[in-house]
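In short: position in the sequence shown from 1, add 395, done, that's this note's numbering.
It is worth saying that the hints were derived from the structure and are not from the lab.
Computed from a prediction, not measured in an experiment: that's the story for all the values here.
Backbone N, C-alpha and C fix where the C-beta goes; we use that ideal spot for every residue, glycine too.
Treat the hints loosely; a few may be bogus.
[As the list claims (entries may be wrong)] Simulated crosslink set (SDA-like; lysine to any residue; CA at most 20 angstroms straight-line):
hint: 1; residue 1: Lys398; residue 2: Ser430
hint: 2; residue 1: Lys457; residue 2: Gly402
hint: 3; residue 1: Lys408; residue 2: Thr439
hint: 4; residue 1: Lys457; residue 2: Arg435
hint: 5; residue 1: Lys408; residue 2: Ala431
[Unchecked claim] Derived CB-CB ranges, DEER-like:
hint: 6; residue 1: Phe419; residue 2: Lys449; range: 30 to 36 angstroms
hint: 7; residue 1: Gln409; residue 2: Asp452; range: 28 to 34 angstroms
hint: 8; residue 1: His415; residue 2: Asn441; range: 18 to 24 angstroms
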Amino acid sequence: MKKCKCGNDRNSKQVNHKCHYSGFGWFLFSILGMSAKPVRVDFTCNNCGETFEKCTDPQVLKQYAGR
């Protein structure tokens, strides 16, 4: 698992995630309020500000559906 400069990984409490959706997924999520699976999740450390992982793994993306 990738880590930032200060040693945090995507499961750390010091890390934020940002989900990116397809156009249709964004429509489902924002307009209709339905859960949509993101196409990518970016992980950024709160301490050092580094975006250290951009994940497209389908198993990980399922965990972030509707977040």
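Cross-check of the supplied hints:
Under the criterion of a C-alpha separation no larger than 20 angstroms, the hint pairing Lys398 with Ser430 is inconsistent with the structure, at around 28 angstroms. Straight-line distance between C-alpha atoms of Lys457 and Gly402 comes to about 25 angstroms, which puts the hinted pair past the 20 angstroms bound. Taking the CA atoms of Lys408 and Thr439, the gap is near 11 angstroms; set against the 20 angstroms cutoff, the hint holds. Pair hint Lys457 plus Arg435 holds up; C-alpha atoms about 11 angstroms apart against a cutoff of 20 angstroms.
Among the hinted pairs, Lys408 with Ala431 is inconsistent with the structure: their alpha-carbon atoms are about 24 angstroms apart, more than 20 angstroms. For Phe419 paired with Lys449, a C-beta distance near 21 angstroms fails the hint of 30 to 36 angstroms. Separated by about 21 angstroms at the C-beta atoms, Gln409 and Asp452 break the suggested range of 28 to 34 angstroms. A hinted range of 18 to 24 angstroms holds for the C-beta pair His415 and Asn441, which are about 19 angstroms apart.
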